[in-house]
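Q: Chain by chain, the residues:
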Amino acid sequence: GQNIDQPTEMTATEGAIVQINCTYQTSGFNGLFWYQQHAGEAPTFLSYNVLDGLEEKGRFSSFLSRSKGYSYLLLKELQMKDSASYLCAVGPAGGSYIPTFGRGTSLIVHP
Amino acid sequence: GAGVSQSPRYKVAKRGQDVALRCDPISGHVSLFWYQQALGQGPEFLTYFQNEAQLDKSGLPSDRFFAERPEGSVSTLKIQRTQQEDSAVYLCASSLNGQGALTEAFFGQGTRLTVV
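Sequence lines, in order, name chains A and B. 114 is the number that this note's numbering gives the last residue of the first sequence; the numbers go up by one with no jumps. 137 is the number that this note's numbering gives the last residue of the second sequence; the numbers go up by one with no jumps.
Just chain A, same shape as in the assembly (with noise of 0.2 Å):
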């Protein structure tokens, strides 16, 4: 089976960096993916581990430990738009290819 978790809610302010964190416990390992959510909207895709280390995409970075079943987003110059739920999913191994989802974590931005 699947465990995955992270924070439920975080706060930060403009222009600072934050740090979301996901653990996981799986049957298997794939890779991990990061989501963004706007409310009301659909996840869409930020980033993609499947090798230790840390991927970095603009003002988005994203680290993964597999041996330690850990990953992190980190957000960078914060902005208002960052506002969202942050969802860390996990795709299990062994023919398995469906995403599993956290429950998400709602990252509110305050001036």
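Simulated from the structure, these hints should not be mistaken for lab results. Just so it is clear, the structure is predicted and the values come from calculations on it, not from any experiment. There could be a bad hint or two in this list.
[Unchecked claim] Partial pick of chain B residues on the chain A-facing surface, computed with a CB cut under 7 Å:
#, residue
1, GLN62
2, GLY63
3, PRO64
4, PHE66
5, TYR69
6, GLU125
7, PHE128
8, GLY129
9, GLN130
[Unchecked claim] Simulated restraints on C-beta separations:
#, chain 1, residue 1, chain 2, residue 2, range
10, A, SER70, B, SER28, 43 to 51 Å
11, B, ARG43, A, HIS41, 18 to 26 Å
12, B, GLN105, A, GLY43, 14 to 22 Å
Idealized CB from N, CA, C, for every residue including glycine.
Knowing the structure of chain A, use the given hints to seat chain B on it.
A: What follows is chain B alone, placed relative to chain A:
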């Protein structure tokens, strides 16, 4: 189309009514997923298609839920005799590759179902 399209965007159904939710995936995408998302929760897996084959329906909550993708493109999720607990956003996602290759999934905007 350029993205995943779902219709209707909003559906209000009376308890006991049957509903059909449609998903048009990105052209050429092999994999199609249906998820159910309750308010404040992450998407919960319902069912998965690879082309026209329904390879996994383990997430369907009851036999009132049925999904099909007869020609390997458009998919329909049908819910019979709707109950209030079926109220949620139903998300469809497609991805390019099939079994053995996990790639990013592109989501539609969802259908918000409210059962009254």
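Q: Can you name, in rising order, the numbers of the hints this structure does not satisfy?
A: Violated: none.
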